[in-house]
Amino acid sequence: MSESIKLTIDGQSVQISEGQTVLDGARKLGIEVPTLCQDDRVDNAGCCRMCLVEIDGQRRLQPSCAFKATEGMNVQTASNKVEKHRKMLLSFYLADHAIDVDGLPAERGVGNTLRQQAQTYGTGPTLPAIHAPRVARADNNPYIHFDPAACVLCGLCTRYCDEVEAVSAISLAGRGAATTIATADQIGLLESSCELCGGCIAVCPTGAMTEKPSLENVSAKAEQVRSTCNFCGVGCQLDLHVEDDKVVRVTSPPPGTTVNDGNLCVKGRFSYEFIHHKDRLTTPLIRNEAGQLVPTSWSNAIQVAARGLMGVRDKHGTDALGFVSSSRCTGEENYLMQKLSRAAFGTNNCHQCAAT
Amino acid sequence: MFGAGAMTNSIPEIRDTELMFVIGSNTTEAHPIIAMEMKKAVHRGAKLIVADPRGIWLSDVADLHLQLKPGTDVALLNGMLHVILHEGLYDADFVAKHTEGLEALMASTVDTTPEWAEEITSVPADSIRQAARMYATTKKAGIYYTLGITEHTHGTDNVYGLANLVAITGHLGVKSAGLNPLRGQNNVQGANDAGASPIYYPGYQRVDNPEAQARFEAGWGVPLSPDPGLDLNIMMKQMGKSIRGLYVMGEDIVLSEPNANRVEEGMNALDFVVVQDIFLNETCRFADVILPAACFAEKDGVFTNSDRRVQRVRKAVNAPGEARADWEIICDISRACGYPMPWYNDPGEVYAEMAALTDQFAGITHERIAAEGGLQWPCTSPDHPGTPTLHEGAPIIGKIGLQPTTYRSSAELPDELYPLLLSTGRTLYHYNSATQTRRAEGANELQPVNFIMMHRRDAKMRGLRHGDAATVRSRRGEIVAKVDVSAKMKSGCVWMPLHFAEANTNRLTNDAGDTTTNTAEYKVCAVTVEAVQSS
Numbered sequence: 001m002s003e004s005i006k007l008t009i010d011g012q013s014v015q016i017s018e019g020q021t022v023l024d025g026a027r028k029l030g031i032e033v034p035t036l037c038q039d040d041r042v043d044n045a046g047c048c049r050m051c052l053v054e055i056d057g058q059r060r061l062q063p064s065c066a067f068k069a070t071e072g073m074n075v076q077t078a079s080n081k082v083e084k085h086r087k088m089l090l091s092f093y094l095a096d097h098a099i100d101v102d103g104l105p106a107e108r109g110v111g112n113t114l115r116q117q118a119q120t121y122g123t124g125p126t127l128p129a130i131h132a133p134r135v136a137r138a139d140n141n142p143y144i145h146f147d148p149a150a151c152v153l154c155g156l157c158t159r160y161c162d163e164v165e166a167v168s169a170i171s172l173a174g175r176g177a178a179t180t181i182a183t184a185d186q187i188g189l190l191e192s193s194c195e196l197c198g199g200c201i202a203v204c205p206t207g208a209m210t211e212k213p214s215l216e217n218v219s220a221k222a223e224q225v226r227s228t229c230n231f232c233g234v235g236c237q238l239d240l241h242v243e244d245d246k247v248v249r250v251t252s253p254p255p256g257t258t259v260n261d262g263n264l265c266v267k268g269r270f271s272y273e274f275i276h277h278k279d280r281l282t283t284p285l286i287r288n289e290a291g292q293l294v295p296t297s298w299s300n301a302i303q304v305a306a307r308g309l310m311g312v313r314d315k316h317g318t319d320a321l322g323f324v325s326s327s328r329c330t331g332e333e334n335y336l337m338q339k340l341s342r343a344a345f346g347t348n349n350c351h352q353c354a355a356t
Numbered sequence: 001m002f003g004a005g006a007m008t009n010s011i012p013e014i015r016d017t018e019l020m021f022v023i024g025s026n027t028t029e030a031h032p033i034i035a036m037e038m039k040k041a042v043h044r045g046a047k048l049i050v051a052d053p054r055g056i057w058l059s060d061v062a063d064l065h066l067q068l069k070p071g072t073d074v075a076l077l078n079g080m081l082h083v084i085l086h087e088g089l090y091d092a093d094f095v096a097k098h099t100e101g102l103e104a105l106m107a108s109t110v111d112t113t114p115e116w117a118e119e120i121t122s123v124p125a126d127s128i129r130q131a132a133r134m135y136a137t138t139k140k141a142g143i144y145y146t147l148g149i150t151e152h153t154h155g156t157d158n159v160y161g162l163a164n165l166v167a168i169t170g171h172l173g174v175k176s177a178g179l180n181p182l183r184g185q186n187n188v189q190g191a192n193d194a195g196a197s198p199i200y201y202p203g204y205q206r207v208d209n210p211e212a213q214a215r216f217e218a219g220w221g222v223p224l225s226p227d228p229g230l231d232l233n234i235m236m237k238q239m240g241k242s243i244r245g246l247y248v249m250g251e252d253i254v255l256s257e258p259n260a261n262r263v264e265e266g267m268n269a270l271d272f273v274v275v276q277d278i279f280l281n282e283t284c285r286f287a288d289v290i291l292p293a294a295c296f297a298e299k300d301g302v303f304t305n306s307d308r309r310v311q312r313v314r315k316a317v318n319a320p321g322e323a324r325a326d327w328e329i330i331c332d333i334s335r336a337c338g339y340p341m342p343w344y345n346d347p348g349e350v351y352a353e354m355a356a357l358t359d360q361f362a363g364i365t366h367e368r369i370a371a372e373g374g375l376q377w378p379c380t381s382p383d384h385p386g387t388p389t390l391h392e393g394a395p396i397i398g399k400i401g402l403q404p405t406t407y408r409s410s411a412e413l414p415d416e417l418y419p420l421l422l423s424t425g426r427t428l429y430h431y432n433s434a435t436q437t438r439r440a441e442g443a444n445e446l447q448p449v450n451f452i453m454m455h456r457r458d459a460k461m462r463g464l465r466h467g468d469a470a471t472v473r474s475r476r477g478e479i480v481a482k483v484d485v486s487a488k489m490k491s492g493c494v495w496m497p498l499h500f501a502e503a504n505t506n507r508l509t510n511d512a513g514d515t516t517t518n519t520a521e522y523k524v525c526a527v528t529v530e531a532v533q534s535s
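Protein sequence lines, in the order shown, are assigned to chains E and Z.
Note that our numbering has the first sequence beginning at 1, numbered continuously upward.
Note that our numbering has the second sequence beginning at 1, numbered continuously upward.
These aren't lab readings, by the way, just hints derived from the structure by calculation.
Even for Gly, the Cβ is constructed at its ideal location relative to N, Cα and C.
Warning: the hint list may mix true and false statements.
[Claimed, not checked] Cβ-Cβ distance ranges computed for the label pairs, FRET-style:
no. : chain 1 : residue 1 : chain 2 : residue 2 : range
1   : E       : E289      : Z       : G5        : 43 to 51 Å
2   : Z       : G45       : E       : R59       : 34 to 42 Å
3   : Z       : P342      : E       : A149      : 58 to 66 Å
4   : Z       : R206      : E       : E163      : 28 to 36 Å
5   : E       : A98       : Z       : T517      : 56 to 64 Å
6   : Z       : P342      : E       : G19       : 55 to 63 Å
[What the hints assert, rightly or not] Listed below are the simulated DSSO-like cross-link pairs for lysine-lysine, each with C-alpha atoms no more than 27 Å apart in a straight line:
no. : chain 1 : residue 1 : chain 2 : residue 2
7   : E       : K221      : Z       : K139
8   : Z       : K140      : Z       : K97
9   : Z       : K175      : Z       : K139
10  : Z       : K315      : E       : K278
11  : E       : K212      : Z       : K315
12  : Z       : K97       : Z       : K175
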């Protein structure tokens with residue numbers, strides 16, 4: 001697409017393509033415009049109102065995420081009018097929101113965009129608290145927790161559920177001040193079309209959607225280690241959050257940066273309990289004369305294993321051995337297993353579980 | 001058939017496709033994130049054709065659902081080939097330039113009309129015609145398949161059939177098109193790439209090719225055998241006969257291989273078994289030595305995904321107790337057996353050794369992946385950017401030999417004693433032998449026990465209701481499972497997942513192998529189902 005449209009944002013000139021928005025132009029210039037409900041993976045809805053900007057010729061402020069750029073447009077993203085609007089809007093959000101002792105939206109482990117914005121742009125007058133009659137249905141699903149008191153009803157989770165995961169399990173439900181996020185018929189997530197991908201948690205800008213397993217025990221300071229998911233063959237990139245030598249949460253790198261584009265499935269996001277499970281093997285075992293498995297030292301286990309393999313070779317010939325490698329292990333480990341089979345034992349009897 | 005055992009195209013290309021032909025792949029459950037790209041393409045207006053014996057999520061949004069009888073793919077594909085060839089919808093330019101054997105393929109499909117295919121597959125002839133026309137006349141049309149194609153005694157023919165479709169329509173070397181096997185496990189591609197194969201060294205260099213042999217003999221400093229080894233299915237059948245000892249790393253063969261009762265007998269007949277894993281599994285019952293391994297979060301290395309993308313695995317936490325990384329254990333075993341494996345400092349050095357012996361990976365290093373993200377092979381030098389789309393310009397094999405195929409029925413079909421056709425697979429919540437996911441509270445809550453999906457008529461005939469316990473029996477074994485009466489099933493066909501050790505579906509499955517690859521026929525066997533007799 002040719003970049004045929006030229007506009008001016010905060011006095012800087014930028015060229016973008018037909019159909020792109022004012023927000024696209026601002027981002028191209030590196031100008032920060034705050035958003036809550038915008039995500040490149042879903043259609044722009046313009047409903048959180050955080051991204052409003054002043055456009056010459058427009059009587060009102062306009063949502064930059066949804067407003068198409070036109071030739072010669074002149075935009076201001078940080079005028080007095082815009083700044084006043086942001087403060088007032090944040091005041092409204094905070095009047096209906098769980099706040100902490102600092103008077104800011106409560107921190108919930110991994111990032112809270114609303115809190116950051118309240119800190120960055122400041123708030124207007126403190127408005128009387130709105131006690132909206134929003135109820136969260138107790139839900140027995142194992143992973144996803146919703147707290148209406150931390151929800152700004154930006155609807156990003158419901159649009160992700162519709163447009164990206166495409167199961168349409170949750171939507172905005174109710175009317176007026178009682179509006180909340182729920183399944184269409186007020187049924188549990190497990191009874192709905194929900195696939196528990198947890199995308200609603202990942203996109204939520206305020207932490208209203210959180211992970212049940214790590215609700216209590218995750219601080220924002222957990223170290224993150226980039227790795228590759230160990231389930232199916234898509235190769236999703238993961239950030240393993242680590243605290244006290246434990247994986248306490250798994251998230252995706254940001255959209256647009258890796259093959260999974262910010263998405264994860266139920267297995268990748270939530271099936272990490274096995275890593276620290278009490279059933280993990282922690283010591284080598286050998287079978288004793290009575291046929292029982294008993295713990296032993298590494299040096300002994302290696303000796304017994306080596307003697308056993310060499311014994312079969314000496315008695316029946318090297319092609320009496322089979323080496324079963326694994327598509328669950330790393331490339332290097334598969335390389336070494338076939339090298340062991342071929343170089344140490346001289347047999348090509350080496351295969352792996354999923355050569356299909 | 002095109003010269004590389006891998007997806008010809010890349011996952012991110014899917015969103016820009018114009019048509020997807022998904023066959024033998026329940027993508028939303030087995031590859032959820034690839035399914036998201038497919039949903040995005042559908043959202044944008046791409047056409048979707050799904051061929052699957054069951055109703056699946058994708059078939060709900062498909063333009064066409066070809067609900068074929070399990071094991072009749074060759075007939076379906078030959079029906080489609082008939083339409084494309086004999087209605088002149090093929091890409092004559094591409095065929096002339098890049099393929100050979102058109103006349104033979106033409107001749108072999110003269111009689112495979114859609115009406116003939118309907119008889120065998122039970123898919124309406126008009127739907128076959130429509131699918132063929134849509135596929136042939138769309139430029140960016142991609143085929144996506146997985147084990148529903150390969151786990152048959154005619155799995156190779158199924159793949160040939162698909163490759164024929166791609167080749168005659170010229171849907172190769174084109175962005176968002178191609179022939180795309182979706183790999184089932186995190187590192188199936190990487191394990192094959194690294195030479196965990198009875199016939200290939202790393203990088204698909206054949207063990208019976210003297211040049212390759214000489215290259216690896218020089219690299220490893222020992223003489224090597226030019227005789228192809230046994231594949232896994234044959235190894236399983238030879239246990240106690242020519243195979244007397246096994247070293248098993250990271251696979252629960254008793255749970256994962258077909259005909260589990262026979263596998264257990266074979267394991268009992270072995271002289272010596274080493275198992276290396278992260279949990280005690282079913283195979284450990286037969287082990288003489290068990291070596292505790294580190295899981296993916298506890299070690300460094302690479303996984304190679306479905307679209308040939310080599311990506312890093314990084315150590316985030318320490319392994320529990322005395323467990324160690326598999327690569328360290330193999331090195332120690334090797335040294336104790338008298339072969340001096342080098343003292344690698346880290347897996348990066350192991351990768352470098354492999355890359356030096358393998359042209360396709362020569363440009364890939366741990367350092368480059370850290371700096372640039374995943375690299376897609378072929379990547380032949382330090383400044384090679386990697387290859388998102390294969391066969392651009394021309395097929396890498398040169399001329400593609402078109403492969404006529406003939407429909408053969410599956411090895412074991414329903415009969416009077418075993419009247420139902422059982423197909424098997426994976427669910428969204430569990431993963432294969434499920435030693436990992438069955439230790440996740442949530443997944444276990446959702447799917448705690450093995451189940452059998454069946455049509456309501458088949459259930460009713462047997463006096464079974466939804467939720468009842470039923471005995472499922474084949475010629476090889478029997479297990480108990482919960483009845484799931486489902487509108488997704490066709491009458492006569494039942495379906496079970498593979499995740500449950502205490503009710504192992506592979507006690508039922510058939511270990512008959514594909515005539516070329518020996519891949520077992522997990523997807524078709526005959527069973528009988530009845531209510532559990534209370535004793």
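Verification of the hints:
1. E:E289 with Z:G5: 43 to 51 Å: 46 Å, holds
2. Z:G45 with E:R59: 34 to 42 Å: Given range 34 to 42 Å: holds, Cβ gap about 36 Å.
3. Z:P342 with E:A149: 58 to 66 Å: 59 Å, holds
4. Z:R206 with E:E163: 28 to 36 Å: 47 Å, violated
5. E:A98 with Z:T517: 56 to 64 Å: 58 Å, holds
6. Z:P342 with E:G19: 55 to 63 Å: With Cβ atoms ~57 Å apart, the hint holds.
7. E:K221 with Z:K139: At roughly 50 Å apart (the allowed maximum being 27 Å), K139 of chain Z and K221 of chain E break the hint.
8. Z:K140 with Z:K97: 19 Å, holds
9. Z:K175 with Z:K139: 10 Å, holds
10. Z:K315 with E:K278: Holds, at roughly 20 Å.
11. E:K212 with Z:K315: Given pair K212 of chain E, K315 of chain Z holds - Cα atoms ~25 Å apart, limit 27 Å.
12. Z:K97 with Z:K175: 19 Å, holds
Comparing the model with each earlier hint shows violations of hints 4, 7; every other hint is respected.
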